[in-house]
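Chemist: Sequence:
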Amino acid sequence: MAAMSVIGIDFGNESCYVAVARAGGIETIANDYSLRATPSCVAFSGRNRILGVAAKNQMVTNMKNTIHGFKRLLGRKLNDPQVEEELKTLSYRTTQYNNGIGVKVNYMDEEYTFTPEQITAMLLTKLKETSEQALKTKVNDVVISVPSYFTNAERKALLDAAHISGLNVLRLMNETTATALSYGIYKQDLPAPEEEPRNVIFVDCGHSSLQVSACAFNRGKLKMLASAFDHKLGGRDFDIILAEHFCNEFETKYKIRPRTNPRAYLRLLTEVEKLKKQMSANSTTLPLNIECFMDDKDVHGDMKRTDMEGLCAHLFHRVELCLKKCLEDSRLKLDEIHSVEIVGGSTRIPAIKQLIESVFKKGASTTLNQDEAVARGCALQCAMLSPAVRVREFSVGDVYPYSISLCWDSPNKEDGVLEVFPKFHAMPFSKVLTFYRKENFDIKAYYNCNTPYPDRFIGQFTIKDVKPTSEGESAKIKVKARINLHGIVSIVGASLVEKREAEVGDEDSSMDVDSNNHSKDEQQPQENGQVDQMEESEKGNGKQEKKDGKKKKQITKTIDLPIDAITHGYSQTLLNEYQELECKLIANDKQERERSDARNALEEYVYDLRGKISSDDELAPFVIPGDRDKYVKQLDDMESWLYEEGEDCTRQVYVDRLSELKVFGEPIKNRRMEFESRSAALEELSHCIQLSQKVVSQYRAGDEKYNHLVPDEVSKVEEAIISAAKWLEEKRSALSSCPKTQDPPVTTVQIRSEKKNLDSTVSSVMNKPKPKVEPPQEPAGDNEKNNTQSDSHQNSKTNDHHGEQDQRKQENMDVDN
1 MAAMSVIGID FGNESCYVAV ARAGGIETIA NDYSLRATPS CVAFSGRNRI
51 LGVAAKNQMV TNMKNTIHGF KRLLGRKLND PQVEEELKTL SYRTTQYNNG
101 IGVKVNYMDE EYTFTPEQIT AMLLTKLKET SEQALKTKVN DVVISVPSYF
151 TNAERKALLD AAHISGLNVL RLMNETTATA LSYGIYKQDL PAPEEEPRNV
201 IFVDCGHSSL QVSACAFNRG KLKMLASAFD HKLGGRDFDI ILAEHFCNEF
251 ETKYKIRPRT NPRAYLRLLT EVEKLKKQMS ANSTTLPLNI ECFMDDKDVH
301 GDMKRTDMEG LCAHLFHRVE LCLKKCLEDS RLKLDEIHSV EIVGGSTRIP
351 AIKQLIESVF KKGASTTLNQ DEAVARGCAL QCAMLSPAVR VREFSVGDVY
401 PYSISLCWDS PNKEDGVLEV FPKFHAMPFS KVLTFYRKEN FDIKAYYNCN
451 TPYPDRFIGQ FTIKDVKPTS EGESAKIKVK ARINLHGIVS IVGASLVEKR
501 EAEVGDEDSS MDVDSNNHSK DEQQPQENGQ VDQMEESEKG NGKQEKKDGK
551 KKKQITKTID LPIDAITHGY SQTLLNEYQE LECKLIANDK QERERSDARN
601 ALEEYVYDLR GKISSDDELA PFVIPGDRDK YVKQLDDMES WLYEEGEDCT
651 RQVYVDRLSE LKVFGEPIKN RRMEFESRSA ALEELSHCIQ LSQKVVSQYR
701 AGDEKYNHLV PDEVSKVEEA IISAAKWLEE KRSALSSCPK TQDPPVTTVQ
751 IRSEKKNLDS TVSSVMNKPK PKVEPPQEPA GDNEKNNTQS DSHQNSKTND
801 HHGEQDQRKQ ENMDVDN
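All residue numbers for the sequence shown refer to the working numbering, where the first residue is 1 and numbers rise by one.
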């Protein structure tokens, strides 16, 4: 299944997980640091990009060029209240860019500005590369997780980022739904479809948000019932409160102000996160120690779990409100809930588990892997959507968390408004609206409720090429509104419906009859009373009538209309531009990696050769002392060059320098290698000569095994043995007088070649099989005699047969007696 390269990505604010569907199940992929979690970090240096774990590791030393927390900036404007709040805790520089946010970095010693979508694409590129290395194949199809509360703008931004990175997104999947799928698909004890479903609550508290969802399971399917969220409540909020507490404590105790020093504050956040995790498992007082924190001062503090719970009481209250909201929206009674499953790192906090038990009257269950459940659900969904992969049938019914309304200008100059998709409507889903217009008109879509995104506007869609009927009446326009698989709302189609009567057999009789045959998920909402009445009058559509004595048939023809959309997301031109830039950056990273590898290879060769030449038991015996001093100086000079003018050279320069060193270094290494392997090769040849001599001696002694051999050929074998023995003696003599500092007169390869030749010569003669002995032939002219003998032989066999039967009868008679 890995060959199908279908993966699921859990794209988190702090870190990402990648899972793949294999024949044996779902596997989480480890990155190049053998870690399952890849930090959502992208850093820039003077020569290349640094992605994932490496970017996180150098964050403290390269804060202004290390970008993190960009998931919450996707699809937003710089003056967005959430963005302004986020930027207070982020150390990198931002600016207004392309009507959105621009992140300013120093890259290749130049100032660059990237959008959060481009940064996200860089991280996805890294995850794609990690997957391809693990799976040993190209990765194309992917399902990416999104928070259930993401709006059109944020979802479209993530799709744009995936497009820039070259990934084909089969679905943007709500994290809540992915978690439910990873829970349900392996459950063998779910109720049958006709039985009452099993209702499960999922609580997902991650790094930056809290999501609670209710799901109903039957065998082979799941249906999301409701979801609630607090998009500003996650593990980091607990960290910030603890960090603020210690900032105040250190200010009083040590007279330092960590808030004024970004590096110190970042270190403090890292340490309080560790402390928070320790407090989840331990209720005693725990220490916090940081060496050289600020102004060369070591700081110390301590805290216990009850203190943390007191400081974060208002956060726990918000958790409780979110839990109750989901319970209310799901319309489930407490006794109808089977279990409460927890995922996400922050659900490990004991106070949150207590709140779950308080609200749902059930203890928190940990059936799922709390960190990897979302990625595993996405991988399963990707396998289900990919046509090349076979998986067990499982129906996934998702819901949209917001209500959607459309508005338009009516012909009588009044605004028409309709809630097309109420809250928690099934998705994906389409609905068809019918309009009567003589000219082009606009439809606006917007959220009919409060959302985390400040602008409730979804898009404006202009239906074009509308024209009146031939009678000058308003034309009938069918408009399809859709929530697609990604959770993106839009007007996806419009068509003009023309109807006329024609004689049966008319050339237009092949036109489509009744354009109201929509797919099963489409409905036709009422626009107003006028529309209802006109729809009722058209119920006879498709009937045949007689006029003037001729048969008539009502013909329906639909004409697709173009739609101009003003909505979120990049234009195709800009997407292509960003994708081209990403390809250049990938090529540059590869070039820099090759340059760095070449430099490292040169540096390693210098250290390795110098160390071995200077060692008495390594290469020193194989080089003349005078030459050794010269070589060591050359290696020292190369090291100095590497750290001075050779610091930033091209790959080819390093390759050429390494070739220069190998001119004198490789012969020394080869002499040592020859010395160590030569003795074994000589022994092998000597042993082969002895065995060959023994075989020939057996032949000369008259051994029957060899009496079929031709004497001349055996003589040639003897000559080859004598020649090999003489060659061995000569080479041994030459080698004994050759010093280690000179190249040997004969190599191991030559010795083994001599042995192979001797083996071949001896085997081809001495192992020749004996010829097969043919049975003697009788004279061809004595046919009559042969026939007589043949008949006699046949009669003899027959008599023998009868004799055996008589004998067996006699034996039986004896037994009976």
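Heads up, some of the hints might be wrong.
To be verified - Computed cross-link-like contacts, SDA-like style, restricted to lysine to any residue with a CA-CA straight-line distance of at most 20 angstroms:
(1) Lys438 / Ser395
(2) Lys726 / Arg651
(3) Lys584 / Arg651
(4) Lys353 / His314
(5) Lys77 / Val53
(6) Lys478 / Pro454
(7) Lys756 / Asp743
To be verified - DEER-style ranges, computed between Cβ atoms:
(8) Ser365 / Ala281: 12 to 22 angstroms
(9) Cys738 / Ser596: 23 to 33 angstroms
(10) Glu320 / Asp560: 46 to 56 angstroms
(11) Lys274 / Tyr33: 11 to 21 angstroms
(12) Pro387 / Asn99: 31 to 41 angstroms
(13) Asp656 / Asn79: 50 to 60 angstroms
(14) Gln460 / Pro428: 16 to 26 angstroms
(15) Pro287 / Ile241: 15 to 25 angstroms
Don't read these hints as lab results, they were simulated from the structure.
Ideal Cβ positions, reconstructed from N, Cα and C, are used throughout, including at glycine.
Chemist: Are the hints correct? Go through all of them and say.
Modeler: Tested hints:
1. Lys438 / Ser395: Answer violated: Lys438 to Ser395 is near 43 angstroms, above 20 angstroms.
2. Lys726 / Arg651: violated, 51 angstroms
3. Lys584 / Arg651: holds, 18 angstroms
4. Lys353 / His314: Measuring from Cα to Cα gives roughly 16 angstroms; hence the hint holds.
5. Lys77 / Val53: violated, 28 angstroms
6. Lys478 / Pro454: Answer violated: Lys478 to Pro454 is near 31 angstroms, above 20 angstroms.
7. Lys756 / Asp743: violated, 23 angstroms
8. Ser365 / Ala281: 12 to 22 angstroms: Cβ of Ser365 to Cβ of Ala281: about 19 angstroms, so the range 12 to 22 angstroms holds.
9. Cys738 / Ser596: 23 to 33 angstroms: violated, 42 angstroms
10. Glu320 / Asp560: 46 to 56 angstroms: holds, 52 angstroms
11. Lys274 / Tyr33: 11 to 21 angstroms: holds, 19 angstroms
12. Pro387 / Asn99: 31 to 41 angstroms: Hint holds: Cβ distance 38 angstroms, inside 31 to 41 angstroms.
13. Asp656 / Asn79: 50 to 60 angstroms: holds, 54 angstroms
14. Gln460 / Pro428: 16 to 26 angstroms: Since the Cβ atoms of Gln460 and Pro428 sit about 22 angstroms apart, the hinted range of 16 to 26 angstroms holds.
15. Pro287 / Ile241: 15 to 25 angstroms: At 19 angstroms between Cβs, range holds.
Checked against the numbered hints above, the structure violates hints 1, 2, 5, 6, 7 and 9; every other hint is satisfied.
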